[in-house]
Amino acid sequence: MHFGSQNILAATTDASINLEDLDLNNCDREPIHIPNLIQPHGCLLVISADEYKILQVSLNTRQFLGIEPQELLGKYLRDVIGEKQTTVVSNCLSEAFESINPLPIKITIDQSTLIFDGIVHSSQNTIVLELEPTEAREEANFFDFYKLIKSPINRIQQADNLDKLCNVVVREIKAITGFDRVMVYRFNQAGAGKVIAEAAPAELEPFLGLHYPDTDIPKQAKYLYTLNLLRLIPDVTYEPVGLIPQFNPLTNKPLDMSLSVLRSVSPLHTEYLNNMGVGASMSISLIENNQLWGLIACHHNSPKKVSYQVRTVCEFIGQIASSELVAREKSQDIDYQIKLKSIQSQFVEIISQAEELEVSLTRNPHLLLDLVGAEGVALSFGNKITLIGNTPSEQEITTMLSWLENQFGEDAIYKIDSLGQVYPLEEKSKSIASGLLALLISRVQKTFILWFRPEVIQTVDWAGNPTKLIMAEADGTIRISPRKSFAKWSETVKQKSLPWKACEVEAALELRSSIISIMLRKVDELTQINQELTRSNTELDAFTYIASHDLKEPLRGIYNYSSFLIEDYSEILDESGIDKLNTLMRLAHRMEDLINSLLHYSRLNRAELQLHLIDVNDLVAGVLDLISASARDTKVEFKIPRSLPSIKCDRTQVNELFTNLITNGIKYNNQSEKTIEIGYLDPDNPIYTTKISEYPDGTTPKTIFYVKDNGIGIRQRHIESIFRIFKRLHGQKKYGGGTGAGLTIAKKIVERHGGEIWVESIYKEGSSFYFTLQ
Amino acid sequence: MRKLQKQSLLVVEDSDEDFAALERAIAKSKTYDHSLHRCEDGEEALDFLYHEGEYENSTRFPRPSLIVLDLNLPGTDGREVLAALKKDRELQSIPIVIFSTSSNPKDIDACYQHGISSYMVKPMDTNRLNKLVITFLEYWFKVVELPN
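Residue numbers (the working numbering), protein chains in the order written: chain A, 1 to 774; chain B, 1 to 148.
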């Protein structure tokens with residue numbers, strides 16, 4: 001149960017702080033677990049775990065045991081309490097000591113027998129035995145205990161809501177203990193406390209409904225409350241008693257008194273109680289999920305002793321109350337939670353059926369708002385922001401997102417009920433965006449959901465003005481000290497929304513996991529579609545390839561047999577017969593050309609690009625050499641106005657691209673002086689600027705090449721179709737024939753390089769083909 | 001020079017028309033008058049070479065000095081026949097000449113990788129076929145020495 005408590009306290013407290021220097025500035029670090037002091041209503045012995053030798057004692061042993069502290073040191077425990085009782089002590093260490101304590105310890109000195117409640121625990125390999133004089137002369141038995149707790153527990157269990165439960169608890173504890181005032185004190189998420197139930201006589205000023213700032217109970221004290229479920233100060237004005245020697249001789253360190261019942265409390269705490277007019281105090285922890293939920297705080301106007309037996313009963317009632325609290329609190333929210341669940345399932349159903357997540361989220365604005373009880377919501381998908389209900393402006397949210405992104409840390413959720421305190425909201429947003437619940441769905445895709453809650457002007461009644469804790473000293477230093485006034489002080493809280501409830505946060509998180517699973521499913525579906533597309537593309541490629549081969553075989557047969565006919569039967573056939581056979585052969589030839597073009601085109605899709613940095617000057621020079629050689633009888637002037645750049649491309653393919661474009665320029669040209677110009681555009685050329693403006697910002701600059709001729713031109717209505725495969729604008733015999741695949745192949749080459757090709761043409765004057773390669 | 005009688009040619013070709021055109025071109029060339037055997041598919045070619053099935057008689061069906069192989073064949077494909085022959089220690093010495101419709105560089109490269117002796121694309125034109133056959137016969141049966 002106490003495992004690791006040492007480390008936690010060591011990490012949060014500072015053992016070097018001197019008690020006299022203590023104030024609220026450093027009280028969060030005050031090492032309250034090692035005060036080296038006890039309260040004077042009992043005495044304390046520290047015993048070695050092996051030999052049961054007394055190592056350390058409190059300085060008040062003479063008062064309780066009639067033996068001077070120095071006399072006890074070095075003695076064996078059996079010399080003080082006898083062999084039999086020492087065995088009882090050692091036996092109880094092997095068991096859970098909560099169920100053993102207190103041990104009735106009898107000590108006989110000068111013929112008189114003293115009876116103590118002995119409370120044993122171990123600390124740092126030593127045994128701590130605390131002795132308090134027994135109030136009741138008879139030994140407590142199970143039946144007394146049962147009688148005391150039976151009716152309180154019945155009443156606690158009958159209370160059907162949190163309010164009633166707390167009221168039962170304070171009344172029962174008051175009846176059992178006789179404290180003047182008993183309260184249930186509850187902590188909120190910020191650590192501040194509020195009195196939610198009180199039992200006190202009418203003449204006392206009521207504390208019910210008052211708030212206490214977080215600083216009233218420092219962190220390490222809250223932690224100790226989770227270890228020690230009951231703390232008692234019988235006399236607030238007590239003089240603390242020291243230990244001798246100061247340090248534990250085995251460890252050379254102060255004794256860890258985390259679990260000690262006599263441990264002296266912080267002087268700040270007694271000063272605080274004094275200022276409040278409290279003479280004795282007892283607190284019982286209320287724990288939920290190992291966290292301090294609240295306290296049952298008991299105040300008495302004068303000093304007051306409480307027997308260990310009664311304390312055990314109170315502690316037990318505290319534990320019963322703790323477990324009942326959790327159930328009551330849950331049932332209070334249960335109707336709302338059921339409503340949230342049903343909204344959530346409706347919502348998930350809608351978005352899982354929708355094609356577009358974004359659309360389905362925004363199409364049901366009421367559900368999206370009610371899911372967490374918000375009045376405005378902003379959805380961010382990439383750069384797009386959609387606003388629903390009362391929200392800050394789109395521009396303000398865009399700015400806020402860059403701040404918000406860093407607030408998530410490891411979590412997918414960020415919530416706050418006073419956004420204005422941590423983020424500079426615009427004036428008009430302060431009242432509508434006091435509360436923010438932000439959900440991170442994807443950091444990469446910048447997908448966020450931001451819910452907003454408006455300001456709720458609240459009145460908080462503080463016990464004293466919490467800001468008045470700070471006092472300037474005469475020397476100018478700032479000192480924070482316990483409040484002297486606990487009179488009600490009202491504060492109006494502005495720019496603060498209702499807090500986000502755990503069930504609302506949970507609903508948001510569940511929405512997130514639904515959205516993510518839907519996103520993942522969509523990705524899966526896309527992957528599958530992609531796989532199918534790839535497969536059907538591959539199949540189509542294979543089909544073109546195989547079909548082309550299989551088509552060629554019978555075609556060759558037709559051709560060959562026609563020629564055999566002419567060879568073998570030319571004497572029998574007349575001229576018209578031979579002519580028809582020649583036509584048959586010509587058609588077969590043409591079909592072979594078409595199939596070859598188709599084959600070539602399909603091969604372009606399959607061939608892997610061999611990208612290298614190519615000097616386009618060299619490449620074009622090679623193309624022109626070849627074209628000039630095959631078209632020796634036509635007169636063509638090639639113009640290259642300036643040196644061409646080098647670009648990364650596939651040499652063979654780009655070679656074919658230039659060949660096709662230049663050959664077309666010569667072929668479809670009736671001029672006696674044919675000219676072909678090859679070049680690239682300046683960045684200030686209007687054609688260049690128009691084209692580049694079509695690309696998104698930040699695209700790397702591209703080279704736009706052109707091949708320009710003074711040929712026959714293309715009518716505007718044909719511009720679209722010239723790149724289609726086998727599309728010819730002229731009869732087969734005109735302009736040297738051809739299959740009509742040249743421009744389709746050119747386009748494919750450009751596209752495979754990630755570029756674009758287009759044409760501008762004036763009919764009968766000439767055409768210019770422009771293209772980019774990547 | 002070895003005696004020409006010993007020399008024989010195996011043509012693996014599924015198309016009757018293509019085979020007829022080839023036979024006609026060989027006849028026209030008047031340079032080859034030795035044994036020529038045709039198998040119609042890959043299975044038959046392997047039976048012929050391993051003396052199995054109807055080709056059990058190894059004296060009647062001696063192994064050829066040269067194989068002309070089409071690639072696209074029904075059943076066992078020309079590529080499979082090629083791979084099988086080039087893996088066989090006894091048969092791998094027989095030169096194989098591919099005679100195919102495919103001018104795909106991938107097919108051509110793959111075949112040379114398997115150790116073919118040459119690759120010819122079937123021409124459409126009878127004149128070109130005639131020229132091709134003359135060159136082919138000249139080269140394989142007059143210029144070079146074939147294994148025994």
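Heads up, some of the hints might be wrong.
To be verified - In silico DSS-like links for lysine-lysine, alpha-carbon gap of 27 angstroms or less:
{"no.": "1", "chain 1": "B", "residue 1": "106", "chain 2": "A", "residue 2": "648"}
{"no.": "2", "chain 1": "A", "residue 1": "580", "chain 2": "B", "residue 2": "28"}
{"no.": "3", "chain 1": "A", "residue 1": "384", "chain 2": "A", "residue 2": "428"}
{"no.": "4", "chain 1": "A", "residue 1": "430", "chain 2": "A", "residue 2": "330"}
{"no.": "5", "chain 1": "A", "residue 1": "501", "chain 2": "A", "residue 2": "415"}
{"no.": "6", "chain 1": "B", "residue 1": "131", "chain 2": "A", "residue 2": "580"}
{"no.": "7", "chain 1": "A", "residue 1": "415", "chain 2": "A", "residue 2": "330"}
{"no.": "8", "chain 1": "A", "residue 1": "147", "chain 2": "A", "residue 2": "164"}
{"no.": "9", "chain 1": "A", "residue 1": "106", "chain 2": "A", "residue 2": "415"}
Stated by the list, open to error - Here are the computed distance ranges between Cβ atoms for each label pair:
{"no.": "10", "chain 1": "B", "residue 1": "16", "chain 2": "A", "residue 2": "751", "range": "52 to 60 angstroms"}
{"no.": "11", "chain 1": "A", "residue 1": "520", "chain 2": "B", "residue 2": "123", "range": "42 to 50 angstroms"}
{"no.": "12", "chain 1": "B", "residue 1": "123", "chain 2": "A", "residue 2": "733", "range": "18 to 26 angstroms"}
In case anyone wonders, no lab produced these hints; they're calculated from the structure.
Since we're looking at a predicted model, the values are computed, not measured.
Ideal Cβ placement from N, Cα and C applies to all residues, glycine included.
Violated hints, by number in ascending order, as checked against the structure: Those not satisfied are hints 4, 9, 10, 11.
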